[in-house]
Amino acid sequence: MLALSPMEIYITVPTVVDDLDVLVWRMEKFHGVTAHLIGDRVKLIGSADKLLAAQNYALRFIGPESISLIHVSPECLSLFHVTGVIRHFETTFKVIICVMGLETVLLKGRKSDIERCHKTITELEVQCSRTSTTLTSFKLSNLRMLCQKFSVVFDEIPCSTPVQIALLTHFSSLLDPSFKVDNLLDQSPAYVEVYRKQCTGSSIPQTTEFVGQNGPVYKRTDATCVSTVPVVKEKRIESVNRENAPVPKGLNPTMVATRLRSVVIDGSNVAFAHGLQQKFSPQGIWLALEFFLKRGHTNVVAVVPRFRRGLGGELFDRLERKGYLTYSSSRVVNDEQQVADDDRIILQLAVECNGVVVSNDQFRNYREENEQFKDLIDHRLLQYTLALNTFLIAEDPHGPKGPSLSECLCIPSDPKSA
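As numbered in the UniProt record's numbering, residues 1 to 418 make up the sequence shown, in order.
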């Protein structure tokens with residue numbers, strides 16, 4: 001395999017920014033890059049994908065849309081001395097958290113995100129103040145499991161029973177599908193104030209660039225002021241129209257896939273898998289959608305027979321409005337229910353959009369129906385595992401000799417490979 005050389009970028013930091021040692025430490029700890037503070041610049045070294053995440057984190061740290069100082073009780077604040085808890089809250093609520101003193105926390109980010117995070121911290125405080133609560137062995141076991149699920153080291157959390165119960169209550173609330181949908185799908189446009197300086201070689205450019213994702217670039221030779229740049233919400237259709245995405249330095253252009261495939265999920269198959277084949281469980285569909293949305297896919301849809309619409313309640317209504325769920329046709333004629341074959345609709349939809357199908361169904365009855373179905377079933381059918389309320393697909397879905405999951409989910413820039 002071709003070894004990729006590390007890339008370097010520089011981020012210019014205004015003098016008014018404090019806690020740069022915290023920023024450097026978190027970029028190394030959270031994003032796996034090497035960070036050095038050199039004068040008024042932070043130098044980042046790492047692979048292209050890690051650099052992008054670290055750079056965006058740094059820009060949100062030094063130039064947030066808004067900030068808020070909140071008072072936090074010492075018992076609740078003890079949680080935010082745990083690295084895993086800080087990272088969990090920052091990831092969940094898309095804010096930056098800095099502990100200031102013994103009873104104060106600084107939140108940085110969008111106003112709406114800060115308000116949601118502040119509300120959750122307030123709820124944690126209420127739980128932490130309840131000294132009469134008891135932590136049973138069952139609850140303790142659940143807390144251990146949820147700490148593992150949310151990447152928090154159990155042995156690092158405070159030993160206080162109220163604090164542990166507060167964290168257990170918080171983690172349990174995140175398992176509610178309605179919270180996950182609102183958190184992941186309700187992404188309004190934001191603004192950030194940034195100082196960014198990129199370096200393509202050993203020399204450092206003399207021009208400061210202010211860059212927003214998918215937005216314009218403003219260049220200044222004077223780095224004493226801040227430019228407010230809109231970060232525009234990515235439209236769903238853009239995930240299948242990334243033809244002209246630039247190839248990062250050091251990467252072989254023939255290896256870079258610039259377009260994400262559309263994803264068609266067999267809703268009934270996933271829902272019954274989550275219900276242990278005994279019942280139709282709508283949450284399984286959300287877990288599958290969440291898996292792909294977190295990977296950056298925006299053209300994702302689950303197909304469900306219309307007669308099961310009532311089983312999904314508010315969750316299905318919300319997903320349908322967002323375009324992440326659709327129904328196969330079903331109607332009643334002369335007291336007889338006529339239901340379209342949702343399997344065929346799933347395959348047809350995936351063929352039309354050159355996407356993948358997510359299902360544990362083998363679709364054997366359709367393989368010889370036509371060449372398009374055969375190619376789809378042989379090469380773009382992804383099977384999954386759903387256990388412990390977690391949806392995942394193996395990194396080698398077609399075995400060790402087949403393409404990786406990332407390769408299956410991308411349309412290569414080389415037309416012959418597609």
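It is possible that part of the hints are untrue.
EDC-like cross-link-like pairs, simulated, lysine to aspartate or glutamate; straight-line CA separation at most 20 Å [said to hold, decoys possible]:
{"#": "1", "residue 1": "K111", "residue 2": "E75"}
{"#": "2", "residue 1": "K108", "residue 2": "D49"}
{"#": "3", "residue 1": "K94", "residue 2": "E65"}
Ranges between beta-carbon positions, derived for each pair [said to hold, decoys possible]:
{"#": "4", "residue 1": "R309", "residue 2": "D40", "range": "40 to 46 Å"}
{"#": "5", "residue 1": "D155", "residue 2": "I38", "range": "33 to 39 Å"}
{"#": "6", "residue 1": "G310", "residue 2": "S137", "range": "48 to 54 Å"}
{"#": "7", "residue 1": "D375", "residue 2": "S137", "range": "29 to 35 Å"}
{"#": "8", "residue 1": "L140", "residue 2": "A387", "range": "44 to 50 Å"}
{"#": "9", "residue 1": "F154", "residue 2": "V333", "range": "56 to 62 Å"}
It should be emphasised that the hints constitute simulated quantities derived from the structure, not laboratory data. Where is the CB? At the ideal position from N, CA and C, for every residue including glycine.
Status of each hint after checking the structure:
1. K111 - E75: violated, 26 Å
2. K108 - D49: Answer violated: K108 to D49 is near 24 Å, above 20 Å.
3. K94 - E65: holds, 12 Å
4. R309 - D40: 40 to 46 Å: The hint (40 to 46 Å, Cβ to Cβ) is violated, given that R309 and D40 are roughly 57 Å apart.
5. D155 - I38: 33 to 39 Å: Given a distance of about 36 Å, which is inside 33 to 39 Å, the answer is holds.
6. G310 - S137: 48 to 54 Å: violated, 39 Å
7. D375 - S137: 29 to 35 Å: violated, 53 Å
8. L140 - A387: 44 to 50 Å: Cβ of L140 to Cβ of A387: about 22 Å, so the range 44 to 50 Å is violated.
9. F154 - V333: 56 to 62 Å: With Cβ atoms ~57 Å apart, the hint holds.
Of the numbered hints stated above, those contradicted by the structure are hints 1, 2, 4, 6, 7, 8, listed in ascending order.
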